[in-house]
Each structure stands twice: as structure tokens, then as C-alpha cells.
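*Asks:* Each chain, letter by letter, is given below.
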Amino acid sequence: MIVVVGAGPAGIAAALAVQECGKAVTVVDENPSAGGQIWRGDPTHRWVARFRAFNIPLISGVRVVWGYPAARTLVLEDAVGARRLAYDKLVVAVGSPEIFLPFPGWTLPGVFGAGGLQALVKSGLPVRGKNVVVAGTGPLLLAVAASLRKKGANIRLIAEQTPAALLWPFAKQLSGRASKLLQGIGLAWDLAGIPYAPASWVTAAQGDGRLQRIVLNRRGTLVTEDCDYLAVGFGLRPATELAAIMAGPDTIVAGTGDADLSLLEGRIAGYTAAGDLEKARGLEPERDQARTFAASIDRTFAVRDELRQLADSGTIICRCEDVPLGRLEGKTCFRDAKLHTRCGMGACQGRVCGPALEFLFGWHGASPRPPIFPARVGSLLSEG
Amino acid sequence: MFDAIHSFDVILVGAGIVGAACARELADSGLKVAVCHDSDTVGAGATAAGMGHIAVMDDSDAQFALTNYSQSLWWELAGTLPPEAEFAGCGSLWVAADDEEMAEVHRKSEYYSARGVAVDVLDSGGVAKAEPNLRRGLAGGLRLPADAVSYAPAVARKLLTGIQLLRGRVVSATSDGIEFASGESYFAGAVVLATGADLPRLAPELPVRPRKGHLLITDRYPGYLNHQIIELGYLKSAHSEDADSVAFNVQPRVTGQLLIGSSRQLGVDHADIDHAILRRMLARAVEYMPGLASLNGIRAWTGFRASTPDNLPLIGLRPGHRSLYVASGHEGLGISTSLGTAKLLADAMLGRPSAIPREPYDPSRSFNHHA
Amino acid sequence: MPEIRVDGMLVNAAEGVSLAVALLSAGRTRFRTSLSGEPRAAVCGMGVCMECRVTIDGQPHRLACQVQVREGIEVRT
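Chains as they are written, first to last, in this note's numbering: chain C, 896 to 1279; chain P, 48 to 418; chain D, 1073 to 1149.
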């Protein structure tokens, strides 16, 4: 059997590709239903609908917490128990969590990831009448602002750190791609009237026990903006932990990207897992084109150097262990910091501070140690 | 012995807890000392991988002498340690599952008491009261209140304060100095090999073999555990020469985290997690402490102990050499015995008398009857 | 509407939402207290950042964003 981990665009596409090849497939996902972060709470989306129409077995609400690549076995954990799942081929399609970068006040309740707030709202968090600032970088900010506004949020501002001079060529490039253009027009409609501030970023979040206002560097001028929620994201990074721990000849890792690219990556991974390499190869030119486009987005929205200066010596870098920037002074690499400050040693296993340290100091994380996510000791003993 | 033309009086190879303690002792004795290592940071080998217990053990008289001496040195050092050294005098609790193991509790109690080490013998109810999360129905236990735990990488770092570090992979170490893989070399009046399980690379004739261990650490559960707990079956496990073995050993960290061990495997040289043995290890722990099954583990890893045929370290001159010393082979007691090792080594190098006899740890001793 | 107890107080949650959504909807902004005493709440909404850890029915370190609200659960922040 082929097991696909992740029921977002890549996982759905992979599972459908396997099914098309006539092979048995099961999908595993940690959310209650298929769709991933992009199509969360949207069961009518055509890919989600297709996935359901084919009756592909979905084990939802479980997390892959451990795995044994040599034994081709995963350990799945849910709220109460754990079980093992054997596979012949494994497709890792777990997508990309957000990148968070530290600034003073970023640990205040009310400061969310951009995708994070969107995910919570899609899962039912009411935002009607809430004052929300969306900040950070990348096209995701537009999608987040649009979806929050649809739910009645009062979007005060979108602060995009990229300067306008870089955004224009990007916008022009968008118009060269039909699907992107449609997306762009749709968003423009949804976003009409929301101030969009390029070359602007949040320098501090403030409030008494929760977010009340932010300080914004708006094209060089510091201004204060009252708000209830801040949705701030600096792009996505592929989740590499499962792929690293399950690395081996029977593991196929689907690349990540926006929905279009993820679908292609997923289909290629699915065909590869099912053994139809010809079909997989046939999609590669289109995939490479999509990757080129994704890389150009990444270049356009590269985080600017000024944001490295936002955190001060008291700003928490490691949220799990409360390690402030000042304690990292003189440390030479991530492992040095881990062993001697506990930075990255907490429950998130370095998922939040890792990308931040890479941005701030150019440090790369050590190879991940299992479990893939914090897991009950008993789950690791499960036989079933 | 220490000539002025040399760059350093002593170069130590290895910046683990043993190398760091030896460097500190030699520097405090007035010598010009350097420590070389080729890790990302100090204390990164078995020092970081191990549990960090500071225990008095009675496997042999020599082991008792060194662990007991070392522990008194640890308590002297404790007051000077920074908070990140996470030193805690939590005490050890050896638990007896049955009457046979309870007989061992009484034997140990007599042994320790006769040598002035405070112990309490606990009955079944006493163990349950001391550690409510242990399973009911254990026969009893032995508490050693002076045993402690510490976070050894931070201690190594503290001990190395002010000592020159040389970064590089040492490819040769002689009586006159060391050479790095880069070709760079340093002269010294004496050289000390404190490279743990990596000793055979530089001193292949010495009987040190890596003995692999697994550990898992949990999220924070403050108050879940009061003592470091070890099953009495641990000793059988620790001495098994050929078979892979596991034993229940769990430790409360100052952070509130629990460190769960232990496993022992000889003849394995890759650092990958062995899932079968990790599961056996965790199953053993859950057998003794059923509630552990519902706690979140956040990280598992492996490390290599430097084991010797007689379970005693090698401290002193490398046989057949002059001014080339060894401080290795501490098996699972490197943290416990590091400070005592440093004293004995410095005494040997400087011709000082020692607080305990040095002969049992002399690297030139015979290992034949253990082979 | 499931009724849950949060730090001893009754809270009405919407049907089918995650515990994180239920807590935020009820105006709760402290999900956990960090080591240095700061209040923390959900950030990533997808089980990655671990900031939304709460104690559910006596089990510490459960992710509020990954748990569906069920009638009668006891939550401690």
C-alpha cells in the first residue's frame, strides 16, 4: 500500500495520481478533514470534492509522530491512542509552516502568524468588527487579508516589507499567468479600500497582557496603530522533519509551494510512488516552470536586512525556553546555542526559532531528532 | 618536566566534562593549559548525550572510592556553578522489585553505611511515599540523599573559563604535543587524552570500546519525580558484556523535564536510533512507572560511553610513554567521576600524593582476567 | 453548543471548533504562562508553534489548536 502523509493540495494530488495508476492508497492527515491549510474549511473546493468523490481512505485527526523507514512503518497518534501503519511506499506531502521572525512584543497574545490567524478564522474564530493589521511579506498577506475581511474583520492595513519598486515587476509577471491573474483580480476586488503599505513593517507589538497596538515603520516613519489582532508572516518554509527522519529508498518527498505548484509536485510524487515514472517525468517541465515562478516570488519578497535589527537584547527568540537574544551573544552555531542556552530545546523542537536563527545569524539547525512531533511515551510502544 | 620553549605546559585533547575538569585542575595548579576539540562547542560528546548523574556506586571498592571522592568534590563545586548547570541534590533511589533485590538493598546499605555514606532503607510503603508515580507493590528501595544531577555541558563550559581552546581534529598526540588534521601542530610539556569513546583512534592499544546508549527526554512535568530512580537490575544490565540490555532509570531535571534511560549496546558504531532497543527501554520504564506512558517525549538521541573491561576508568600515563597521559574509559560515570579523575591525574602529573589510591585506574594495569 | 470548563469557569463553545478557537472566542488570551511568566496564546493555528499548550482533563501540554471541543472537558491554562 502507498501511504500519503498530508491531505493538502500536494497530498490530494498525490493520492489521486496513485489511484489513477490502480494502486491502493491511504492518506493520513492531522486535521479533521481534507484540504490542508489552503483549503481548510472549504469542502466544496473542486480538488477536495474530487478527492472525496474517489472515496480514498483518509485517516484524519492523527499525527505522524514517529516512523521506522527500515521497517516501512509509521506511528500515528491521536487524542487518545496510537497505532502503527505499514506502507510499501511513503509520500511525504506535509506542506510548509510559516516563518516567524522576532521583534519586540511578538510573543504577546493577539500576535498570530498570518496563515495562523487565517487557519483559526477558517476553523470558526469570529473576527467580525475586530481591528486587524496584516504584516510581513509575500502574496499570502493578500489572501489572508481578503479572507479575514470576508468574515467581517476591519483590516486596518497591510504592511508589506517589500518596497514598491520590487512589487511592480512582480505584479506584471502575475498578469502573464492566467490563473494568477484571475486570483489577482479576485483579490483586488476583495481588498478594495484596504490601505496597502509597501516598504513598511511592524517594529514592535505592545499591550498589557495582550496586543493593543503596534508600532509600524511606514516607509521610514514610525507610526502607532491600535489593533486587536496582528497577523504577521514572513513566507513559508518546507516542513523537513518527517522527510529527514523517514529518508530512504521507499520515501518520496513532494515539493511544496503555492497551490498550483503543490498540486504538480503532489502528482509527480504520486506517480513516482505508484511506479509510473513516465507520467511523473511528463509533468516535470510544467513543474519546473512553476518552480521558477515560485523562486521569483521568493526573490521579490526576500526579507530585508533592516528586519534583522528589530529584536533587542531582551526580545525572546526561543519561545519555548524563553531565551532572549542577549543570551545568544557569542554563540557560534545553533548547536552551541542549544547546549549552552537551551535555545531550540523546547516542545516546538526548534520549528519556530530555527528559521529565525537562520535569518538572524545564518545558523542552520542540526538534523532533527525524533519524535517528529512531541509524542506520548506510550505511543512509541504501540504494537497495533 | 615543563620546558619554557613549549607553547603550553599541557595540552588536553577533548573538551568534555573529563577534559574540562582536568584542564581546570591543572590550570589551578599553576600550569599553562590548552584544550583542543573538534566539535561545534564544548561538552558536545558523551557529556551532552549522557544523563548527568552524580552518584556514589559500589560495583567495586575502586569504583566506590572514586565516585565517593568525586561526589564530595561536586558538592564543593556546586556553590560556584551557574544556574544553567542545573545542579540539584535530588538524591538517588534504587528500587527493588522483589525480595531478592531487597536483599541487595540491605547489602548495599551495609556497604555504604560502613563507609560513612548516608543511606535510607525504604520499605514498600516508603518507596510509594517517596515516589508516588512508581507502580505499587515494589519490595522497597535504597535512598542515597547525597546523589545529585547536573547539566554537564554547562559545567564543562564553566570549568573551561579562561582556558585557551584550540579547534581542530587531532590526528596525532605524542609526549611532545599534538598535530591537527590541518597540519598545524602545538608543542607541550605533556599531553592528556580525554577523548572518551574516541580514545582508540589516538591510543589503539588501550581497551576502550564504545557502548551505545539511548535516552528520551519529556516535556516539563514539574513535581512528577523527586529522585533519580534506578532499578536494582541496572547493575546486571550495566555489566552485561555481550547482550544488548535495558534498565529502568529516570531522572528529574531542574527544568521539570524527565530524562528516561537506559540502554547499553556494545559493538555498535553508528549513532542512529535503534528502534527495537528504544522501545524495550521505554517499555521497561513504563513497567516501573506506568504514568510515563501518557507524558510527551520531545527528543530521543544516542551517545557512546567509553567502556573498559573492568568498568574502571583509565587515569594516568599511557603505557610505554613519557608525558603522554590518558583520562578516559569512564563508561556511564564520566560526569560522576570527572572531578576525582582530574585530581588523580594532576596528582600523577605533578608527583603529588592523592586522597585515594591511584593504582586501580592505572592504564597499565592488567585486564586479562576480564577478557 | 458544548459547554466546557476553563479554569473552573463555564464557557460555551461553538459546535465543531477547536479548543483554541473556543478559548479565543471567549476572550481568553492566556493559554499558558511562559517560563519567564509571560502570557502566551495560539500563534500558528496548525500545531507547530506549541504556544497553545493547555491542560485538558489533567493532561498537560495538549495543543488547543489540534483538539476539537467536546462537551464537559476541563481545561486549565
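One or more hints might be untrue.
Below are the DSSO-like pairs computed for lysine-lysine, each with C-alpha atoms no more than 30 Å apart in a straight line [claimed, not checked]:
1. P:K79 / P:K205
2. P:K79 / C:K1226
3. C:K1045 / C:K1017
4. C:K1046 / C:K1025
5. P:K205 / C:K1226
6. C:K1025 / C:K1045
Label pairs and their calculated CB-CB ranges [claimed, not checked]:
7. P:G172 / D:D1079: 31 to 39 Å
8. P:V315 / C:P1064: 30 to 38 Å
9. P:E334 / C:G976: 46 to 54 Å
10. P:E252 / C:C916: 56 to 64 Å
11. D:G1109 / C:L1172: 50 to 58 Å
A few chain C residues that don't get close to chain P, going by computed Cβ distances all over 12 Å [unchecked claim]:
12. G962
13. G1019
14. P1180
15. D1207
16. E1216
17. D1231
18. Q1244
19. E1278
None of these hints come from the bench; they were simulated from the model.
None of the values given here were measured: they were computed from a predicted structure.
Note that the Cβ used here is the ideal one computed from N, Cα and C, for glycine as well.
*Asks:* Decide, hint by hint, whether the structure agrees.
*Replies:* Here's how the hints hold up against the structure:
no., hint, verdict
1, P:K79 / P:K205, "holds (18 Å)"
2, P:K79 / C:K1226, "holds (25 Å)"
3, C:K1045 / C:K1017, "holds (11 Å)"
4, C:K1046 / C:K1025, "holds (10 Å)"
5, P:K205 / C:K1226, "holds (15 Å)"
6, C:K1025 / C:K1045, "holds (12 Å)"
7, P:G172 / D:D1079: 31 to 39 Å, "holds (35 Å)"
8, P:V315 / C:P1064: 30 to 38 Å, "violated (56 Å)"
9, P:E334 / C:G976: 46 to 54 Å, "violated (19 Å)"
10, P:E252 / C:C916: 56 to 64 Å, "holds (59 Å)"
11, D:G1109 / C:L1172: 50 to 58 Å, "holds (56 Å)"
12, G962, "violated (9 Å)"
13, G1019, "holds (26 Å)"
14, P1180, "holds (38 Å)"
15, D1207, "holds (22 Å)"
16, E1216, "violated (8 Å)"
17, D1231, "violated (4 Å)"
18, Q1244, "violated (6 Å)"
19, E1278, "violated (9 Å)"
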